[in-house]
Structures are given as structure tokens and as C-alpha cells.
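Asks: So the sequence lines, in the order shown, correspond to chains A and B.
Per UniProt numbering, the very first residue in the first sequence carries number 1; after that it's consecutive.
Per UniProt numbering, the very first residue in the second sequence carries number 1; after that it's consecutive.
Just so you know, the hints here were simulated from the structure itself, not pulled from any lab data.
Think of the CB as a built atom: it goes at the ideal place given N, C-alpha and C, for glycine as much as any other residue.
A portion of the hints provided could be inaccurate.
[Claimed, not checked] List time: in silico BS3-like cross-link candidates among lysine-lysine, alpha-carbon distance up to 30 angstroms:
| no. | chain 1 | residue 1 | chain 2 | residue 2 |
| --- | --- | --- | --- | --- |
| 1 | B | Lys161 | A | Lys68 |
| 2 | A | Lys234 | A | Lys161 |
| 3 | A | Lys80 | B | Lys68 |
| 4 | B | Lys321 | A | Lys68 |
| 5 | B | Lys68 | A | Lys34 |
| 6 | B | Lys68 | A | Lys321 |
| 7 | A | Lys80 | A | Lys234 |
[As the list claims (entries may be wrong)] Estimated spans, in silico, between C-beta atoms of each pair:
| no. | chain 1 | residue 1 | chain 2 | residue 2 | range |
| --- | --- | --- | --- | --- | --- |
| 8 | B | Gln230 | A | Asn93 | 35 to 43 angstroms |
| 9 | B | Arg20 | A | Pro168 | 19 to 27 angstroms |
| 10 | A | Glu197 | B | Asn158 | 49 to 57 angstroms |
| 11 | B | Ala274 | A | Gly172 | 52 to 60 angstroms |
| 12 | A | Gly23 | B | Tyr196 | 55 to 63 angstroms |
| 13 | B | Tyr196 | A | Asp220 | 28 to 36 angstroms |
[Said to hold, decoys possible] Partial selection, computed: residues in chain B whose CB lies under 7 angstroms from chain A:
| no. | residue |
| --- | --- |
| 14 | Arg35 |
| 15 | Trp66 |
| 16 | His131 |
| 17 | Thr224 |
| 18 | Cys226 |
| 19 | Gln230 |
| 20 | Trp254 |
| 21 | Val289 |
| 22 | Gly290 |
The primary structure of each chain is shown beneath.
Number of protein chains: 2
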Amino acid sequence: MGMLEFDGHRYLDGRASDPRDLGWMRDAPPPVEKRITIESDTVLQFPQMRWSLSHMRELMPTVNVWRKPGAPSHFERHEKTGEIDALTFTDTNGRTLRFDEALIDNYTDGIVVLHRGRLVYERYFGALEPHLPHACHSVTKSYAGTVAAAFVHEDVLNDTKTVAYYLPELQGTGWEDATLRQVMDMQTGLAYTEVYEDERSGVRAYMRACGWRPRPVGYDGPKTLCDYLQTVRKEGTHGETFDYKTVNTDVMTWVMTRVTGRSFAELLQERLWAPLGCEEDGYLTIDPVGTPLAGAGLSASLRDLARFGELIRCEGAWNGKQVIPAFVVHDVQNGDHPAKLSGGYSYRSQWWVTHDELGAVEARGIHGQRLYIAPEAEMVVVRFASHPFANSQVGDIITTPQMLALGRMLRG
Amino acid sequence: MGMLEFDGHRYLDGRASDPRDLGWMRDAPPPVEKRITIESDTVLQFPQMRWSLSHMRELMPTVNVWRKPGAPSHFERHEKTGEIDALTFTDTNGRTLRFDEALIDNYTDGIVVLHRGRLVYERYFGALEPHLPHACHSVTKSYAGTVAAAFVHEDVLNDTKTVAYYLPELQGTGWEDATLRQVMDMQTGLAYTEVYEDERSGVRAYMRACGWRPRPVGYDGPKTLCDYLQTVRKEGTHGETFDYKTVNTDVMTWVMTRVTGRSFAELLQERLWAPLGCEEDGYLTIDPVGTPLAGAGLSASLRDLARFGELIRCEGAWNGKQVIPAFVVHDVQNGDHPAKLSGGYSYRSQWWVTHDELGAVEARGIHGQRLYIAPEAEMVVVRFASHPFANSQVGDIITTPQMLALGRMLRG
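From just these sequences and the hints, can you work out the full model?
Replies: Structure, rendered in C-alpha cells:
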């Protein structure tokens, strides 16, 4: 059976972990050893995750992100499957890989590539199908950040105001004196850590509060997202350094929903799903009292993420209509304080700015979710995956050079 | 504030219980007294139900019933709103009511009327919107029964075989020697009761096992649908009397999924949602290990139920294609052993057969869900409601004569 080693641990490889062969959650009832549940904390375990990331709504309550009535918007197809499959590139470790084989090496669940708005490549693996929404994880943040930045540009929100100005509930918490802009750009000083593997990390408590992880017997911690956010205290200084913390996205979105009176699901529907003519409904996981998780809760189809990517590549315009202000896209592309980040990235309004030769911006989520928008190659790549490692750095060894090689090829 | 009295209890009336005014689950987070959760057992409480029946997926895990890609099938419109609103009729208690006012009196969430396949009337109230799926409750059974009867006609299933022949897991239970036909027609003798108001009733234990109701601390009863079904023992004789028990539908569907290897969600998608060109995805609530609840778990949009009703009215044909064998519809319409039931109804393949002057068959669900198909009036009525009473008999005082009066008017 194929195995791979990462960071000293051995995992089934992309082929051996194929969920169609492992038979998760099949039959009525599924055999005990093939069950995936929140209660058993198996939803985000590998290799169960290869099934669960395409089936989040079957594991927890969700709210719909409705498309709109009638037919979806159309993608022109100009497939270059053979040419792209055969593309070779060198990964960061110096190995030469074929494009198609690298997808399997890197636990890809699906990939769509647009070039000049036309669909040139589309592949599905494992449990994913074209119409099935897949967990976007933190790619959700870039959706939320885009809508928030549009509201700032439209003067619905003022990003120089403090969080406490908008949310009196957060007085006395770490966010009290943080500006909305500092929250949007992840430049807050908070006593909260985000280490998925560490049981004592803030993100674990956050997940227990939100219903993503089981609660121990006698649990008396926070039972909703908002209750949890009210427990987070200040540590350090706001506005000094970039520090990636999912809870900032939830606070930013709480501000949006308070000011507009619309839920995050409604905002996504009105600002993006309907104008883009998405072909499938998306959905958001919600906490135990129905609050959508804007930091990581979106599931959507690959093609609908491609529509969003194409919107950003076209500076907020879609079929001749300005859906998101062009200023929002330019402001993200320029990036904020590139010096503040390691790895060459900067971060603005919940987007990663690569400063690479293709001028790319990225939405990134744990376990390999990626929306890569490369204006210089007129290319958008959307990729869903279920990589055993939460942190993207292991997957990036393959994915980053792979995207760049594809962009160079398409740029011609 | 408007109140109504049923069976000695007083309830907010249709207007006073409007969920838009009561503000359930709004704001982030919703105020404690406005929350609806499984944990607090408020999902099926009145008046919370006026919100929750349009939002089941936000309260528990669900599996999607996908429509298909592209545009939905089209309804020609020939609206007769004013004429139908003004129709008066006499309810079973002898009161004269206007059609439109009776809808509010009877806690209607939405209604669609088709005449000769054209949409003549469509109204939404409370929390329901045209694109939102609403809980169908036991209307689900008629969907399941239609598919099962089609499989019997196609020799995929043999309704003279016993349950144990198909499901060895149910040897030693009440179903062991029941034939599939007895299960389909609810003619089994089982030590199981279905009294929603009685905490000790079988249906309460069923709901706890399936995740619809909270489990007490230290609960060690069955934790899945299939586990629960294995606890039900025989009482009386199979095939002698009609006895309405939801668990029969779950057993019937378990047989279907075992034989076809397809889940109930997939069967609905392949046999009905896709061929009918439904305009919205439906969904099914599932038990804690992902098994869809075929006895009561479907949520769907009003118009998509109307499509199903029109299919049955047209003897299984849809736009010139035979989607369900005509035999299945005729067999239901003829009814099985009308003498066996009180109230003039008979029951066949999970449908209620009225034997009324319009030749109507009905799908019925608790709290007022109704799909009324009246061939003699070339009429289909779909109605969603959130009536405080689970048992339909209270609502029927208005709804039964209302449907009949409408059919007489449209028949002309």
C-alpha cells in the first residue's frame, strides 16, 4: 500500500487514501469502523477527511447560500487537458514531476483552470464531483474580506473605527481598541494561538465552541462563536505585525452583519452568488445558535470558486457589470506592508499577495485549499484537496511551483 | 394578541405567531429567548416551529437531494389569485370562511395550486420563500412509497418477500415475517406507538435515536436509526389491520437501499428530482451516522412538490416521458382494502386515498403538510403549514373542505 512520510509521520498516499476505495459512510448503517462523526472527532482526521471535506453538511448543521433562480452563467470551454497533464515542473525539493501525477501526490480532490475566462482544465478525484460543494476552509476568509472591503469602499463601514464602536459586546476583549482595518489585515495583538495539532491552542477551544469538535463531558466553556470571541484577551500591540488568527475574520464579519442587518449567508448570496450566476448553492457551517463561520465555514463547488476567481482577475467586473469595486481588487494586489511577512507574501483584506512574477493573489485554506489568481498569465486556478497536513507548507512544496509553471505555460 | 383554542389549549393564532415578527434566530448571536435548538427541544415546539420548519438544515445535519445542472422545468402561469382568494366554503364545524383568510387561520406557510398543469395560485407566509425547502414531514413517505412501488413493478423488489429475506439484520424483530407489501401498506403488527405528545411513545424513542430530539444525560439507548429499528418487537398479526407507523417507511427504504446500493437521497435524485427538472435542491435530515430519514426527513420547495403532484396526476408521465410506471399510480388510486380504515380513507404504497368526489389521493404530514392530487378537477394543491397540532385532524376541519371547494370551483 502506498505511503508517504511528512515530518516524521507516515500517511497513506493519494491513491491509497482514495475514499471511494476506503468506503466511508456507505451502506445503511455504515460499519462502525467506517463512520465519520463530530462525536468521534474523525471529521478532520486523515484519511477520513478525504470523504468528509466533500460532505460537511452531512456532519453538522449548515445554512444555504442560494444561487438564484434559472440557469447559471456559462463557461466557454477550450480544453487543454493533454497538454496540461504532460507539463513537467520542478518542486521546491528539486524533484521533477508531471502535472497530472503531482495532483495525486498532493491529495487533490479537484482542480479547475481558467485561462482568459475559458475553462481549459477540470479534474475530479476521490469523493468530489462537479456539483458537490467542498470545504473551502480559510478560502472563506477571502470571500468575507472582499465583501467587507467593498462595504468600506462604499462607506457602509469605516475601517478606521474600532471594533468596540461597532460591537459593544467586544468591549473589554482583545479587540476593543483594534481598528476594523487592523482586523481585516490580521494585525491584532491577541492572546490566541492557532496550532491545529495542539490541544491547548486557542483554535481548539474555538472549534469546540463552534461545534466542529466534540466537547468533553461536563464541558462548561463557551457554547457559541460569539461567546467564545468574548473570551479572547489582548496580548501585544495592534497594527504592528501580521499574525494570522481566524477569529479576526469572525469579528470582521460580525461587524458587517451588525451594520447591514444581513447574515453572512445573505451577504454572500446578494453580493456574489447571485451576480456571478453560480451554478450550485454553496453553504456555510454554523455554530450551535446559527451563526455562520466566516473564518472557515464555506463549502462551494469548484466551478463556483472559479467564477469568484475570475471576478477578481477581471478587477471586480463580471460580464460587463462591476460587481465588486475595482478599487478593492487593486488595493489587495498592491498588498499592505510586504516587509511584515515572511516567505515573500503580504496580506490585505483577507487575501494573500504573492508578489510573484505572475502578480498573483491567493485565497488559502488548510489541507490544501487554494484559489490562485494570476493576472499576468490571465489565469485562475482553483484547487480542493484533503492533504494530511493542515498547514499548507508541506503541500506548497509541490503546489506553488506547479501553479507557477502552469501560468508560465499559459502565458506562452 | 390573537389566540386560538384547540383541544383545551390556547395558542397564538396565524397572524400573532408570524415568525417574522417574533424574530427567531436573528442577529449574531440571537438573544437566548429567541434561540431554537435540538438541545433545548424547541425545534418542533410551537410557535418556534413556524420558523424551524423552513430551516431544518440549520438545526441538524442533512444530505442534499440534487436537482441536475442547468435550467429547471417551466410552469406556465395562469393566475387566478383574486378569484381563489374570494372563494368561500363551509368548514367541518359549519363556519363560512374565505379561502385567503382560512389560509392564515390554519397556519399556512405556503400554498401552490396547479390546474391542468398551469400554476393558478401561489402564496407564501411567515418564514417561507419560494426557493426555501420546507419540512414535508410524512409527505416524505409518499415519495419513498412511489419509488418503492416503481421498483416492485420493475421487479427490482418483490413485495411478497419478507423483510428478513432482504435484511438479515431484522431477523428476530417485529418485521422478520412481515412482507414488503405489508410494510408498504402499513399493515404490520408492531409493539410501537406513534403519539407525539406522549414521552413514552415509540416515536419519541425513534426521534431520540435519530437526532431529532435531545438525549437525556447518561442516555444509553439506540444511537442510530438502524439500531432503533432492531429494537422493535412484534405485537399482533401482520396483514390484518392498517396501523400507521413511521418506522415501516424506514424499513421499506432500508430494503430499497440495500437492494439498489443507492442511498435514499440518490434514489430521489435519480428517479424524481432530475427527471422532473426540479428548480431547487431538496434535502433529507439524517441520523447521526448519515442514514436519511425516509419516514419524515424531506425538505423541499413548494413548487418542487407541485411537480411531483403533477407527475402523479398525469399517471407518472412528465413532458411526454414515463417517469414512474402508470401502474403504480393506478394501483394507489384504486386503494387497498378501503374497509380497513376509518374516516373513509384507504392507504396504499404510502399514499392516502380519499375516495372523495374528485378521486383524490393525498400525501400528508404532521402540522399540516399536504399534497392533494385531484384528477377529477385536474388539480394539484401543495400546502406547507406549521399548525400547533401535530395530528392533522384539527387542521383538517378547515383544509379538507377547503381543498374540495377549490376543486369544485376549478372543475367548473
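Asks: Are the hints correct? Go through all of them and say.
Replies: Here is how each hint holds up against the structure:
1. B/Lys161 to A/Lys68: violated (46 angstroms)
2. A/Lys234 to A/Lys161: The hint holds at about 18 angstroms.
3. A/Lys80 to B/Lys68: holds (26 angstroms)
4. B/Lys321 to A/Lys68: Roughly 28 angstroms between the alpha carbons, so the hint for B/Lys321 and A/Lys68 holds.
5. B/Lys68 to A/Lys34: At roughly 29 angstroms apart (the allowed maximum being 30 angstroms), A/Lys34 and B/Lys68 satisfy the hint.
6. B/Lys68 to A/Lys321: holds (28 angstroms)
7. A/Lys80 to A/Lys234: violated (51 angstroms)
8. B/Gln230 to A/Asn93: 35 to 43 angstroms: violated (53 angstroms)
9. B/Arg20 to A/Pro168: 19 to 27 angstroms: This hint holds: roughly 26 angstroms between Cβ atoms.
10. A/Glu197 to B/Asn158: 49 to 57 angstroms: Holds: the Cβ-Cβ distance is about 53 angstroms, inside 49 to 57 angstroms.
11. B/Ala274 to A/Gly172: 52 to 60 angstroms: For B/Ala274 and A/Gly172 the Cβ distance comes to about 54 angstroms; the hint holds.
12. A/Gly23 to B/Tyr196: 55 to 63 angstroms: Given about 37 angstroms between the Cβ atoms, the range is violated.
13. B/Tyr196 to A/Asp220: 28 to 36 angstroms: Because 33 angstroms falls inside the window, the suggested range holds.
14. Arg35: holds (5 angstroms)
15. Trp66: holds (6 angstroms)
16. His131: holds (6 angstroms)
17. Thr224: holds (5 angstroms)
18. Cys226: holds (4 angstroms)
19. Gln230: Violated - the Cβ of B/Gln230 stays beyond 7 angstroms from chain A, reaching only about 10 angstroms at its closest.
20. Trp254: holds (6 angstroms)
21. Val289: holds (5 angstroms)
22. Gly290: holds (5 angstroms)
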